[in-house]
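There are 6 protein chains.
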Amino acid sequence: MSDPFFHPVSGFDLPRFAGVPTFMRLPHVDPDNPRFGDVDVGIIGVPWDSGTTNRAGARHGPRQLRDMSTMIRAQNGATGVRPFEVLNCADLGDVPPNPIDIMDSMNRITAFYDRVLAAGITPLTAGGDHLSSLPILRSLGKDAPLGMIHFDSHTDLFDSYFGGSKYTHGTPFRRAVEEGLLDPERVIQIGIRGSAYDNEDLDFAAAVGIRIVRIEEFFARGLDDVMAEALDIVGTAPTYVSYDIDFVDPTFAPGTGTPEVGGPNGFQALQVARLLKDVNIRGADLVEVSPPFDASGGTAFLGVSIMFEILCAMAGK
Amino acid sequence: MSDPFFHPVSGFDLPRFAGVPTFMRLPHVDPDNPRFGDVDVGIIGVPWDSGTTNRAGARHGPRQLRDMSTMIRAQNGATGVRPFEVLNCADLGDVPPNPIDIMDSMNRITAFYDRVLAAGITPLTAGGDHLSSLPILRSLGKDAPLGMIHFDSHTDLFDSYFGGSKYTHGTPFRRAVEEGLLDPERVIQIGIRGSAYDNEDLDFAAAVGIRIVRIEEFFARGLDDVMAEALDIVGTAPTYVSYDIDFVDPTFAPGTGTPEVGGPNGFQALQVARLLKDVNIRGADLVEVSPPFDASGGTAFLGVSIMFEILCAMAGK
Amino acid sequence: MSDPFFHPVSGFDLPRFAGVPTFMRLPHVDPDNPRFGDVDVGIIGVPWDSGTTNRAGARHGPRQLRDMSTMIRAQNGATGVRPFEVLNCADLGDVPPNPIDIMDSMNRITAFYDRVLAAGITPLTAGGDHLSSLPILRSLGKDAPLGMIHFDSHTDLFDSYFGGSKYTHGTPFRRAVEEGLLDPERVIQIGIRGSAYDNEDLDFAAAVGIRIVRIEEFFARGLDDVMAEALDIVGTAPTYVSYDIDFVDPTFAPGTGTPEVGGPNGFQALQVARLLKDVNIRGADLVEVSPPFDASGGTAFLGVSIMFEILCAMAGK
Amino acid sequence: MSDPFFHPVSGFDLPRFAGVPTFMRLPHVDPDNPRFGDVDVGIIGVPWDSGTTNRAGARHGPRQLRDMSTMIRAQNGATGVRPFEVLNCADLGDVPPNPIDIMDSMNRITAFYDRVLAAGITPLTAGGDHLSSLPILRSLGKDAPLGMIHFDSHTDLFDSYFGGSKYTHGTPFRRAVEEGLLDPERVIQIGIRGSAYDNEDLDFAAAVGIRIVRIEEFFARGLDDVMAEALDIVGTAPTYVSYDIDFVDPTFAPGTGTPEVGGPNGFQALQVARLLKDVNIRGADLVEVSPPFDASGGTAFLGVSIMFEILCAMAGK
Amino acid sequence: MSDPFFHPVSGFDLPRFAGVPTFMRLPHVDPDNPRFGDVDVGIIGVPWDSGTTNRAGARHGPRQLRDMSTMIRAQNGATGVRPFEVLNCADLGDVPPNPIDIMDSMNRITAFYDRVLAAGITPLTAGGDHLSSLPILRSLGKDAPLGMIHFDSHTDLFDSYFGGSKYTHGTPFRRAVEEGLLDPERVIQIGIRGSAYDNEDLDFAAAVGIRIVRIEEFFARGLDDVMAEALDIVGTAPTYVSYDIDFVDPTFAPGTGTPEVGGPNGFQALQVARLLKDVNIRGADLVEVSPPFDASGGTAFLGVSIMFEILCAMAGK
Amino acid sequence: MSDPFFHPVSGFDLPRFAGVPTFMRLPHVDPDNPRFGDVDVGIIGVPWDSGTTNRAGARHGPRQLRDMSTMIRAQNGATGVRPFEVLNCADLGDVPPNPIDIMDSMNRITAFYDRVLAAGITPLTAGGDHLSSLPILRSLGKDAPLGMIHFDSHTDLFDSYFGGSKYTHGTPFRRAVEEGLLDPERVIQIGIRGSAYDNEDLDFAAAVGIRIVRIEEFFARGLDDVMAEALDIVGTAPTYVSYDIDFVDPTFAPGTGTPEVGGPNGFQALQVARLLKDVNIRGADLVEVSPPFDASGGTAFLGVSIMFEILCAMAGK
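Chains as they are written, first to last, in my numbering: chain A, 64 to 380; chain B, 64 to 380; chain C, 64 to 380; chain D, 64 to 380; chain E, 64 to 380; chain F, 64 to 380.
If you're looking for bench data, these hints aren't it; they were derived computationally from the structure. Hints may be right or wrong, so weigh each one.
Mimicking DSSO-like on lysine-lysine, the simulated pairs with C-alpha atoms at most 27 Å apart in a straight line are [unchecked claim]:
no., chain 1, residue 1, chain 2, residue 2
1, E, K229, B, K229
2, A, K205, A, K229
3, D, K340, D, K205
4, D, K229, D, K205
5, A, K229, F, K229
6, B, K229, B, K205
7, D, K229, C, K229
8, B, K340, B, K205
None of the values given here were measured: they were computed from a predicted structure.
Bound conformation, chain A alone (with noise of 0.2 Å):
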């Protein structure tokens, strides 16, 4: 049982529309914080889109992701789970950016994951753009390269971007895969649509074993199955999961810089987080909602919702 330090306010306490807006409603418990080492599961906002090569604005997703997780309750309703009171949850803060630098930002992000780790923290992160994941996996998978199950629309496998910029949110993952953080064998990617370039990254992805669903698979086979397959790849060695917002359908999820027409819905987006649950989980992520696309606040929503399966995933094993 959780201690109940790290409880969220209760909606019958103080109405979900009031508060100061942490995760959750969670306490607020920064790394210098002395309840900081008690923490199982930290949510951590990395409010940085620098990587963005078309529209910009996912640094301001952790604020509004905050704003609407008020509207998450205790339990979760399909599966009874209720992981605030099976694991010490906190929202850590924000990671500081330096929005004018890349490189130095990407220091800063693994160096705020070193600390969390150092804690035995497991991290749930709301982004910011794709390219967050780098220098998160920077310190999550420094020993040994992790497994990854990644929902997306896009394979983020490219190798860089107007003439020759190699950190942006289309190639995290050609780089860390690259650095040895993710070991492409174990990489499943759920979700790929939308009109390309190439097949630079298609071409990468086959040469290092990455296995790649499109989306007309992911519907021909249906969401029981492709995650079964995903479980199956994954295996019991730590994983990490990504999950950028545009893999669900634009329609559900406007709020975002790169959106494809024709994804999943939002049934079926928590419902693959869902499946999630007999997975290794090391960290997870939930990137891309862009609040300027869409002010009225439902991708944060469904973001939230999204990132409260995950969370319950991780409690229920």
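Fit chains B, C, D, E and F to the given chain A structure using the hints.
Leaving out everything else, chains B, C, D, E and F in the frame of chain A:
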């Protein structure tokens, strides 16, 4: 055949963007109008949201539903039913609530529906938050408990909020069962989902015999099967239909106060209403449309499309 | 004193967000209504924008103006006038336009206003684009040319568009002068500004004696001085007031098709209308409110506030 | 292989948010351009909505479709087709309509397409409202009646509106059949739904042999089966493809004038277009995108994604 | 000099879009926090709008005001005051209201402010609707009646609504005078305008000696002159400042429930607050910011800019 | 007289909502176009916001400014200047930035402007964030330091951000002075306001002789007086005009990343630009329009209206 006095204005005579917006372009016949006694089905607005525990706004529902209802034409495309030629339909206006006083408002609503029933009119209500259903049922169910088919993502069966408040939009059907207005063994709730505080509502439902179909079951069995069960449960006795717009997926119906990710789409939202045609409908409501959360009116347009299906179900018997 | 039948519904009896939205919550009295002959001032919607050369949408103006007009109360705060107690006011409904046929629509509008005039009613119109003024003037000015105080950022005095089209929202007053409906020497246009194609309109104005007050002059002299001149120009003979919402700065009134930067603010927008109280107003319109460009309704709220000032000017004589 | 002159600008060379927005970042080649004769497929805007009987705004469609089309890349992710390398594609600009004169506008449109056809170009049109299809067919179908695959929620087969207006966006295909531009026995309409005034359109369809697939049938049989029938109906003779964006569910495509609840989702919207690859496409249009009802551009993004699928179908033969 | 514990986080250390959003990036110090006793000025949210007679939404005010407050920096540009270095400032969190029970909520608010006062903290409140001021004054004015400078477009001096409801956002200062919490001869209300039901409020004001400055007088005399009178009226005795955001023109502050056209602009909105620096401020509030009517947050940004000016006035004495 | 090749398309020939949107409907003449050498004034987009320290989005500025610029006609209404008949004007397209690399982007911008200058073209830039001005000045000011009239709410004279980042949109003019591109004694900054971190920028300005006119002084003296001083400071030597849209009040220009309450209105925003006609303008920019924060385009419409005034000032000499 209906009286032409009660026919809606055609879009061929007056374009649909024009005119004073009554419900479905019907005549406005308030209780003091000499034609009040000739009405078969009366559409009534209940612009009231004082029972809302989270995000208010449903008080604006009737206005926006009237506005969008001018998009509705004379004939059901799928079934061929022309309800306005079968039944004398009218817009009965809005019940005047007291936004500052819950008890006063409930009394006003019950009194209004008592007049409607005395005139032999079947009420079709545009809410308002879900607490509206309670004072309506106090009129419709006063002689004998009704059955109910209830579409929603929440059970609204809680006992109280905020340290003892008994009358909120999360409690109406708990009260209605306690007051003998509903026969719980003839009640089915469809679409329940989302995170929960606890199981208090489910325990109550189980204790009194209310049937709950969670969304996972709904999708797994398919809507035809679930609706067949619903018709079996309510049987041929008088039945109330209560349709909370948050039954529908929030991407299809963002304009509501307490959305829950992962519900039915627009086609399914209509289809379940279409399948009510063999129900003995004593009254029906469509509640929780909250325009401040969907300025574009898409939610209200879906809402009136559902209301039209319910009206056709009433006419198609 | 007015007949209580014509009093608006009070917000103390029915909250302002409730009820079927007629103009200013007045009774809906269409020309076939037995009380039609008792009306002093009739508010009429002209939901028509077929004369629009650029961005359409004013066809939706009357609907949104009715909606926002429920914010208006009984008494002018600045002047103390209570117009609904002085004059029998009513919502006469909308003129049914033919959105596909300009000539047919203009004939329908003129015919409607002929009935209004025959009943001795002073019309206060909610447009519609500015071409609406022409068929109205064909009714009001048919016996003798009227004077006009015209608030606008455009003169609407052009000859034709797109290679010869004579009837657009840029030409109504050229036509009205040519047809003898307006006495150009008793016409003043206030607020003219923005970039121009050429000087054709100004040359016409100069040739026939129309007085134009550009916005630079308006701000330099102050509105009291300009309005004094306006009253002097129109004198005591019958006068039409035409108020294009794009007279107001587009930040205050974004919901319009052809905005021009740098106009009066909201206070000034009301103040010029307030100063019409000694004008012999034969009819008035408020045109070019285009809801698709201001979903929030702020433009319409300003528009009905101006209409209320004009109504008070009519009542305050 | 296509001429590199006709290749779109790559997002690697110029980020996708940058540059003058032509359709799919293609060269702008108007009819007076010396390269006009080298174009294989020309994308043409018809910024015109004078046939709209309800909510206008489709005149703004081409502008927003161009804007969102910069999100499209070089290769179809699902099929691997690279259309710009197969066909010389270009943005031919917009047909200049006369917003005040329907007959003049139709003549202008037909004249423009006559030039396009004379140059041997296959036109892919971005509307505009659905009346646009009529003057286009007057050019494409003048020598011999065409077959048509028509995606829509409405049949657009009515005779007239508002007391005799023959040219509206609800009548183009009635006129086209009457004028011998379409062979009704080779016409199929898919997705029909929503409330109706009467059965006049259905009776006409039955009389002349047009096949109508209502949305209920579409969902019941599945899209592969329906599309197989469609291909069978039109056969190998020249065929027009007309795609009204309101075919798609209004939650996925809110930016349109006459939405109807309960249509296909985004994935299905693309999939039906993808299945056109064996059709002998003489021309195609995507109409009724109305930006004032979807300021965010999601509808236009879906629209251009559909246009890209149609283009790939043209290239993939 | 203030304690560095109470300094806000600098935008140079953590970008302003990052971090858990407390008011002005101050530490969150709730009443149970050991540093509570060291606070000089406490910013408090009252997320409550149960007194709203028209359009609700102010319950969401504190959340959005916190969000936008991260745009505020350390120093007043106009006056050079650095309030956070002069006073120990903190975010004291939100008072937990009971959205279903007005009396319970008022008791909770008064109890919270009693704790604040007992700790010697000067409260700066972010509402909430204007009824919030009453329970606050029941704490602040319990020992001796306060003076008040009140910026608003309404007097909020009515007796009751809807047939006798005494506690609404239109009645707080009537109640406060009756309860002896305010000294009416030391009360001035500035900016009053808009249409009215009747003169009941003005008659009350005249009877008890409240000074009302209508907007026409405000603009005619200029704000310096009016504010000089205001300071003269309240003198040097303890004074409450109540700032309703609808004092400001609705184009500058659309996010409010009861806007009135024709108020001060943003510069004037700040300037009147800046001129409070010689007032003996016992407490202050900024109320009626209603985010559902301004999703973009412009109203809240103006609101927190006003709160910062009031804070600087408190610090600049 | 200008060459008709460079005349914009008239709204009488092609309605203003139609056509490929180039700046002010001018021909698109990129540097490789044979007519490049004939251009007098070139309008250039710099779609780049990598220097933004807070809310990004100005990368989308040129696109939306082009879109709204189609509202501009041929003649200045206030001054009668017809700039397109005086000067050969063209849309030179966008500089291709590298969104991932600040240094690379600055080099690309400077190289582009070197070509523009080599062709004898006066550049009028549509940003982009304010860091854009630095690489432009590196081209324009490379031979001799320029004077500058700078409209803004911020000085942009800071030394560095986030622990040493030297190139942000808060530092361009500090760098430009240090690099000898601007003559600080011929620089005036007008409109400065808002909260501040500290006085580092003001101290630098004082040390090097830059004149700062805060907004309070601007309003107190009036714009004519301030602009007279500005013209006196820059004299007759070559001068750069830099116009940050956040100079304008955020209610008039919400679409910007770092708004500050209390600035000039739309009329004043145009008027200050109109008064530049006797300045020796070597180049000018309008920066910081950020469409994600104003989807309606009102800010961009104001922005292009200002650009048109600057162009008329260039033409009116």
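Going through the hints against the structure:
no.: 1; hint: E:K229 x B:K229; result: 22 Å, holds
no.: 2; hint: A:K205 x A:K229; result: 20 Å, holds
no.: 3; hint: D:K340 x D:K205; result: 24 Å, holds
no.: 4; hint: D:K229 x D:K205; result: 20 Å, holds
no.: 5; hint: A:K229 x F:K229; result: 22 Å, holds
no.: 6; hint: B:K229 x B:K205; result: 20 Å, holds
no.: 7; hint: D:K229 x C:K229; result: 22 Å, holds
no.: 8; hint: B:K340 x B:K205; result: 24 Å, holds
Taken one by one, the earlier hints all hold for this structure without exception.
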